[in-house]
Structures are given as C-alpha cells and as structure tokens.
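There are 2 protein chains.
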Amino acid sequence: MSSSGVTLTAPVNIALIKYWGKLDETAIIPTNDSLSFTLSQDDMCATTTAMTVARGVKSKFWLNGKEMDLGHPRIRAVVEEVRKIAKVQGTDETLLDLPVRIASINNFPTAAGLASSAAGYAAATAALGALYGVKGDLSRIARIGSGSACRSISGGFVRWIAGSTSEDSIAVQVAPENHWPSLRWLICVVRATPKAVGSTEGMRRTIQTSPLMPARIASVPDKISAITKAIQERNFRAMAELTMQDSNQFHAICLDTFPPLFYMNDVSHRIIDFVHDYNRVKGSLIAGYTFDAGPNACLFTEQENFDELASVVEALFSDGVETDFVKGMKPERKVDASKLLDSINVQPIKGGIKYAIGTKLGGGPRKIDHEKFSLLDANGELIDRA
Amino acid sequence: MSSSGVTLTAPVNIALIKYWGKLDETAIIPTNDSLSFTLSQDDMCATTTAMTVARGVKSKFWLNGKEMDLGHPRIRAVVEEVRKIAKVQGTDETLLDLPVRIASINNFPTAAGLASSAAGYAAATAALGALYGVKGDLSRIARIGSGSACRSISGGFVRWIAGSTSEDSIAVQVAPENHWPSLRWLICVVRATPKAVGSTEGMRRTIQTSPLMPARIASVPDKISAITKAIQERNFRAMAELTMQDSNQFHAICLDTFPPLFYMNDVSHRIIDFVHDYNRVKGSLIAGYTFDAGPNACLFTEQENFDELASVVEALFSDGVETDFVKGMKPERKVDASKLLDSINVQPIKGGIKYAIGTKLGGGPRKIDHEKFSLLDANGELIDRA
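Chains Z and H are the protein sequences, given in the same order.
The numbers in the UniProt record's numbering rise by one with no breaks, and the one at position 184 of the first sequence is 184.
The numbers in the UniProt record's numbering rise by one with no breaks, and the one at position 38 of the second sequence is 38.
Bound-form chain Z, shown alone (with noise of 0.2 angstroms):
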C-alpha cells in the first residue's frame, strides 16, 4: 500500500468556566467540567501533517519543527488510542500497522500563552482520526493528549463533561459557532514576567493544599448551567460577568494554594480594574475579561465596542512605537479614545501590552488542502517552511 497523507488546522479554546485540577492524572479525568469559546483558525490556529511512511521507515513526530520523542507516553497513547479505535470500525489493519509521521506547528508565538498544546493535541488527534477514517468522537482521546485539548475539537461554544472514567469525559457542543457572530476577542499579549510553576505541577499542587478547592467544585455545575443558559439567550451580562467571576476565582484558588501560584501580575491586574472601570464609564457591562495559567488577558466584547476597546487598549498598554498593535482580526477604524480616557481612573502602563490578537468565535478543526499545505513531503520529512 502507497502512503497516504492528511493535513488539517486546529482551533485555540479560551475556557469561561475553568479547568483546574485532575481526579486522575494519567487519564486526564477533571474535577470539574469546563466550558469554552473556540476562536477562528482564521486568525490563530495549529496544523498538523499525518502521514504513514512505508514499512521499515521510522515514526516520527515534530511539534514547531523540533523532533519530539513518540515514546512519550502522552503522545503514545493519543497515536494507540486511535488505532485501537480504528481497528473496532474496521480500518484496513495493513494501514494501521505502517509507521507513522506526523508533524505539528502553530501560526501563533507560543509567548502568546494561548494553551498551544491543547490546539496541537487537538490538531494531531483530528489528522490521525482522517488519516485511518475514524467516525464519532474524537475529543475523549485529543483530552488522553493534553486534557484542555478536547474542547478544541468542537466549534463555537463547547462543554468538557467531566465523567469519571476515559471513556466518558469527553466534550460537547453548547452551541454552534454560528451562533453568536457578534462576539469579539482582543487576546492581550502581556509583559513577560519570569516563568511560572507549569499547569499541570501547579494543579497536583492545588488539589493537594487549596483548603477552598471543595467549595469551587461543588459550585462548577451551577455555573455551567448558568453559563449555558446565558449563551443560549445571547446574554452578555450574564456570559460576561459568570466569566469574569471563574476566572478570578480560578487565580483565587491558585493563591489559596500552598505554597501559592501567581500567574497574573501587575499588568493582568491593571487591565482588569480597566474593564471594571470601562464598563462603569460606559455605563454597562460591555467587555469582559478571562485569564488562564499565564498574564495574558483574554478580553472579549460585542463587535459594536470592539473598535474602541482595541483603541483604548492601545491608548493605555502599548508601548506607543508598535504601530501594528492588533493583529489577526483588525479593528474597522481607530477610534479617538482621548475624551473616555479623560474619564477613566486607571493609569496606563506604558508597554504592559506587546501586542494584542483580534478574533472571533470559530468553528472545530478542518482539513485543508494536503498537497498544497502538507508539512511532510511525499518521503514523510520534515518541509522547512521557514
């Protein structure tokens, strides 16, 4: 059998209610469910090549042009879990045993902080899926990879049940992509500090030492419920506020941890005193914010305020020599912030801000054009696209 290939993209997941902390830690079961906002691959996203190679030819795997062990176990497991479920919908075994190649990039700085894992463990469990022809879920084995990366398996709005075995917690649709075009994103690439303690050190850390840990999960379902509701009925407020709430919780859990985790810094809180003092200024709940492990604020709004959000975001955090300040999804027009920075009781931080991503809501990973955008060449190497 000749080799065959697939390439597709993979969407980033912004989480509003929040994923923190692991029942089982080798399955990737989570204490909560967790419930996300997939961002179009229009303006970020991760690809991923797979491609068998013939017999003899070793299995390779590079994630961002750098060659990664296939033993790693995670890895491992995503590529087996695959096969295995290949084989039960009866794939050509022939196909199944040949070595595989698979390689991964994202378009996006991995300073950007945006969970580039769960992108590129959505993207290889999506490639590997069409290259054997594997139907239904795919989300329980992409979490097997990086636990986050199941909910970028689905667009729009989506849910990771929690479940309590591998085989069900998986993650859901809530709603289509389609479903709230309106909604704005300006992802805020802020001012490095010094590296943190890792999400997954720093949540064995919080499930063993946050005495206040319970009470967040045994409020995660309300939320979830409310959360849901509020995206059904297209209630900002409701989404914006529930959003802004977990995820302070979330930072809040992190400090009751012991010895404590400190991911947002003095940037992270100056934009979100911004947001709260914006919306006073305006006179009505209109941007929200949410941060995940890492200082980078993920702002979000309806497309009317986005324009001037970008702006004053810009007037208050840029470095003033960065011309390019948004990228991706671009504001229409530069709106005159001046007058409503006259109003607003938060001193800027000059450069806090690198740069910022403008997005929207997206759809799940899609396959595209596999002679034109294949990573690998027809030997299964790596392409330099550098």
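It is possible that part of the hints are untrue.
With a straight-line Cα cutoff of 27 angstroms, these simulated DSSO-like cross-link-like pairs (lysine-lysine) come out [what the hints assert, rightly or not]:
| hint | chain 1 | residue 1 | chain 2 | residue 2 |
| --- | --- | --- | --- | --- |
| 1 | Z | Lys-135 | Z | Lys-87 |
| 2 | H | Lys-195 | Z | Lys-354 |
| 3 | H | Lys-87 | H | Lys-135 |
| 4 | Z | Lys-195 | H | Lys-350 |
| 5 | Z | Lys-327 | Z | Lys-282 |
| 6 | Z | Lys-350 | Z | Lys-195 |
| 7 | H | Lys-350 | Z | Lys-350 |
| 8 | H | Lys-330 | H | Lys-354 |
| 9 | H | Lys-58 | H | Lys-87 |
| 10 | H | Lys-354 | Z | Lys-350 |
| 11 | Z | Lys-282 | H | Lys-195 |
| 12 | H | Lys-350 | Z | Lys-354 |
| 13 | H | Lys-372 | H | Lys-58 |
| 14 | Z | Lys-195 | H | Lys-339 |
| 15 | H | Lys-327 | H | Lys-339 |
| 16 | H | Lys-84 | H | Lys-58 |
| 17 | Z | Lys-58 | Z | Lys-367 |
| 18 | Z | Lys-195 | H | Lys-330 |
| 19 | Z | Lys-339 | H | Lys-195 |
| 20 | H | Lys-350 | H | Lys-327 |
| 21 | Z | Lys-350 | H | Lys-195 |
| 22 | H | Lys-282 | Z | Lys-195 |
Chain Z residues, not near chain H, derived (Cβ > 12 angstroms throughout) [what the hints assert, rightly or not]:
| hint | residue |
| --- | --- |
| 23 | Leu-23 |
| 24 | Ile-75 |
| 25 | Gly-156 |
| 26 | Ile-170 |
| 27 | His-179 |
| 28 | Ser-210 |
| 29 | Leu-212 |
| 30 | Pro-214 |
| 31 | Val-267 |
| 32 | Pro-331 |
| 33 | Leu-340 |
| 34 | Gly-351 |
| 35 | Leu-382 |
Rather than coming from a laboratory, the hints here were simulated on the basis of the structure.
Glycine included, each C-beta is placed from N, C-alpha and C at the ideal position.
Keeping the supplied structure of chain Z fixed, place chain H upon it in accordance with the hints.
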C-alpha cells in the same frame, strides 16, 4: 476642677489569622475570630495625649498633626463609650462633663501601611480610659473605633473573639509578650503601587460577592485552635505554615471578590516566592510571611536566623543605595549572603523594597511621662514636635 491629662503609647498588631468582613458594620462585629501578634513599641507605636480642658473650651482631636472632626461617628462613639463606662464605674461626673482634647501621632510612616488606625484608636481609647480611670476591658471600645484596634489593647498574641453583639466582641490575650522572645519580624515596605480599594469598602464588597467566603469563614475556628496550640508550644513551623496559608487565603478571597481586590503586587509575589525558596535552600521552614491589605511583606523568623534573613532580603530587594536598609531593631551583624544567593532561584527586584523595619513581640499600651511627652500644652493646644 483643674485640667488633667495622660499620655501613652499603643502598639501595632499584625494578624496571623486575618479579619476581613463585618457581620455588623456599625458595631464592627466581624465574620470570624482573628489572631494577632503585637509588635514592640520600641520600634513602632502610636502616641496619644488625652486631657480635659476648662469648661467652655472647644473639644478637639488631632491625628498626626491634622485636626480631625470630633463629630466623626467612630471618634464620637469611642469618647462616649469610655465616658459611659467611667460613669457606671463611679468616675466624677464633673470630670466627664469637661471638654476633652486628644492628639495622636504615629512614629512610623503611614506609607508603611501598618494599620496605623489600629494603633491610633487603641492609643486614644487607652488614653481616655486612663484619663477617666476606667478599669477592665477596653478592647470592646477600641473595636468600635477601628475593628482591629481591639487587638492593640493587649501585648503578646491576641485573639479577637468575633462574638455576636457589641458587648461580647472583645480581644483577649492568648500568650504574653515574654512567651516567645526569640521571634523576630522584618516589616518590608514595598515600592508603592496606585492606591487600592480601602479596607472598609473592600470588606463590604467581599461579604456581598465572594462565593468562597463562606467556606473561609467556616474554616477559621479550626485555624484559630491550631495556631493557638502552635503558639502555646512555640512550634515555629506550624505557626508559620498556618500564618502563610491564612495570608494567602485572605488574598485569595480578595481575588474572588467582584470586582476583585488586589492588595499584593509583583514585588509581594516575588517576596513570597523568595521565602518558600529560602526555606527550601535552608532545608527547613525557618521564615514565614503575612500580608495585610497592601503590598508590604511582614516576614518573621527566629532570632538565630534574623541577621541572615535581613541580609538576603536586602541583597535581593533593596535599591543598593540605601545604607540604612533595616530600621528599628537592626541585625547584629551583616551576613555575607552571596553563597546563599547562588542557590536561590528567585530573580531580584532592585528597589522593590524601600526599607525594612526590624522588630519583635511587644506589650500592650503603656503610660509614658505626661509632663515630658505630652503632645498638648497646658492649654490643650497642639505642641509642634516637627
């Protein structure tokens, strides 16, 4: 009757188990017990003179040289409560009817953010109590002035029993000042960030909005028992762990408040990382931290480690220019920290700490020579001591 007067000093106290939130805002009944450590008045104190003046002369109150409104509900409540008790205890009503003049100053900068109002109200309450010859508990009255002031009415380790009425919400001594003479404190005055939300407003917001606050309140009784035991046994490790965890939890609750309250900043976070790393390098828990509603770090250790701790903190966080980095109780010798610093995985923040104040456990309010130290002249006018 001729005028009479009294001058005394009262200490600063630092909570090991924090007070944050009132059940009753007027009477200042807290949501939970708190437990504090009274700092030596040799290094920091509030000094207050209270004196009666001739009938017809106006009553006045000066705080740090500035005349305050005696009609302020909290100040008035303290004066009225002391008089009420004095009357019950049989103090001559002619004395109680005379106008009163009170002046209070702190010998430490307000910038130190060290609950100066606690020391000030404790001093004013104690001075009025002495002026009118009141016997018995005064903590209840100091509490009406400024909640945590009740804990500055005693020396050593002090527990504020939340109670449920204005009568039974009082502070009691858990252990006297000579119980643990080897304890040392290093109050680190951190580079200022813009003014945060004040504690009265902050507490109110927490009570109204923090979903995790009930879990914290429910956990305090066990913490109070555990830290009381640790103090009684002079178990540094247990005392330090409980103190650090409670400080972190207090700030976690602030973050869980909506909009969130930020009191610690990047320098505070770095100091915490440093303390944990310092303990790791030393192979034993020998230093602890606690932070009130501000960025300043209150570090503590035992006498044998004080010189080294002060030297390492200075090396990491001073601006390198200030030669008088530790004020108050100074280290006996400068320790060469260079070898230790090689092992510590924490990046310095030059100038992050403006200066530090060394101190130890101290006693409650103490009368000082009125003739010599009175802040008011014989006519009750403010003496300019600047």
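Hint by hint, here is what the structure shows:
For the suggested pair Z/Lys-135 and Z/Lys-87, the alpha carbons sit about 11 angstroms apart, so the restraint of at most 27 angstroms is met. Restraint check for H/Lys-195 and Z/Lys-354: satisfied, since their Cα atoms lie roughly 25 angstroms apart, inside the 27 angstroms limit. Of the pairs offered as hints, the one joining H/Lys-87 and H/Lys-135 holds, with about 11 angstroms between alpha carbons and a cut-off of 27 angstroms not exceeded. Taking the CA atoms of Z/Lys-195 and H/Lys-350, the gap is about 19 angstroms. The hint holds against a cut of 27 angstroms.
Between the alpha carbons of Z/Lys-327 and Z/Lys-282 the distance comes to roughly 25 angstroms, so the proposed pair stays at or under 27 angstroms and holds. A hinted pair counts as satisfied when its Cα atoms are at most 27 angstroms apart, and Z/Lys-350 with Z/Lys-195 qualifies at roughly 22 angstroms. Under the criterion of a C-alpha separation no larger than 27 angstroms, the hint pairing H/Lys-350 with Z/Lys-350 is consistent with the structure, at around 20 angstroms. A threshold of 27 angstroms between alpha carbons decides the hint, and for H/Lys-330 with H/Lys-354 the separation of about 16 angstroms falls inside it, so the pair holds.
Annotation: proposed proximity of H/Lys-58 to H/Lys-87 holds, straight-line Cα distance about 22 angstroms (limit 27 angstroms). Distance hint between H/Lys-354 and Z/Lys-350 is fulfilled; the C-alpha atoms sit about 23 angstroms from each other, no more than 27 angstroms. Between Z/Lys-282 and H/Lys-195, the direct Cα distance comes to roughly 23 angstroms. Compliance with the 27 angstroms bound is thereby established for this hinted pair. For the hint pairing H/Lys-350 with Z/Lys-354, the CA-to-CA distance comes to about 23 angstroms; that is within 27 angstroms, so the pair holds.
The suggested pairing of H/Lys-372 with H/Lys-58 holds, with an alpha-carbon distance near 24 angstroms, which does not exceed 27 angstroms. Between the alpha carbons of Z/Lys-195 and H/Lys-339 the distance comes to roughly 23 angstroms, so the proposed pair stays at or under 27 angstroms and holds. Distance check on the hinted pair: H/Lys-327 and H/Lys-339 sit about 25 angstroms apart at the alpha-carbon level, within 27 angstroms; holds. Distance check on the hinted pair: H/Lys-84 and H/Lys-58 sit about 20 angstroms apart at the alpha-carbon level, within 27 angstroms; holds.
Between Z/Lys-58 and Z/Lys-367, the direct Cα distance comes to roughly 25 angstroms. Compliance with the 27 angstroms bound is thereby established for this hinted pair. Distance restraint check for Z/Lys-195 and H/Lys-330: the Cα-Cα separation of roughly 34 angstroms exceeds the 27 angstroms cut-off, and the hinted pair is therefore not satisfied. Proposed proximity of Z/Lys-339 and H/Lys-195 is supported: the alpha carbons are some 23 angstroms apart, at most 27 angstroms. Only pairs whose Cα atoms come within 27 angstroms are accepted, and H/Lys-350 paired with H/Lys-327 is accepted, the gap being roughly 18 angstroms.
Of the pairs offered as hints, the one joining Z/Lys-350 and H/Lys-195 holds, with about 19 angstroms between alpha carbons and a cut-off of 27 angstroms not exceeded. For the proposed pair H/Lys-282 and Z/Lys-195, the alpha carbon gap of about 23 angstroms is at most 27 angstroms, so the pair holds. No beta-carbon of chain H is positioned within 12 angstroms of the beta-carbon of Z/Leu-23; the least distance is around 20 angstroms. Remark: the non-interface label on Z/Ile-75 is consistent with the geometry, its nearest Cβ contact in chain H lying 29 angstroms away (cut-off 12 angstroms).
Chain H leaves Z/Gly-156 outside its interface by the beta-carbon criterion, the shortest separation being 27 angstroms against a cut-off of 12 angstroms. Z/Ile-170, annotated as away from the interface, keeps every beta carbon of chain H farther than 12 angstroms; the closest lies near 27 angstroms. Z/His-179, annotated as away from the interface, keeps every beta carbon of chain H farther than 12 angstroms; the closest lies near 26 angstroms. Some Cβ of chain H comes within 12 angstroms of the Cβ of Z/Ser-210; the nearest lies about 8 angstroms off, and the non-interface call is violated.
With a least beta-carbon separation of about 5 angstroms from chain H, Z/Leu-212 fails to lie farther than 12 angstroms from that chain, contradicting its non-interface assignment. At the 12 angstroms boundary, the C-beta of Z/Pro-214 falls inside the reach of chain H, the nearest C-beta of that chain being 8 angstroms off. With 12 angstroms as the threshold on Cβ separation, the claim that Z/Val-267 sits away from chain H is violated: the shortest Cβ distance comes to roughly 9 angstroms. A cut-off of 12 angstroms between C-beta atoms confirms that Z/Pro-331 is not in contact with chain H; the least separation is 26 angstroms.
Once the 12 angstroms rule is applied to beta carbons, Z/Leu-340 is consistent with being away from chain H; the minimum gap is 19 angstroms. Even its closest Cβ contact with chain H, about 15 angstroms, leaves Z/Gly-351 beyond 12 angstroms, as expected for a residue assigned away from the interface. Non-interface status of Z/Leu-382 relative to chain H is upheld: no Cβ of that chain comes within 12 angstroms, the nearest being about 35 angstroms off.
In this structure, the hints that do not hold are numbers 18, 28, 29, 30, 31, in rising order.
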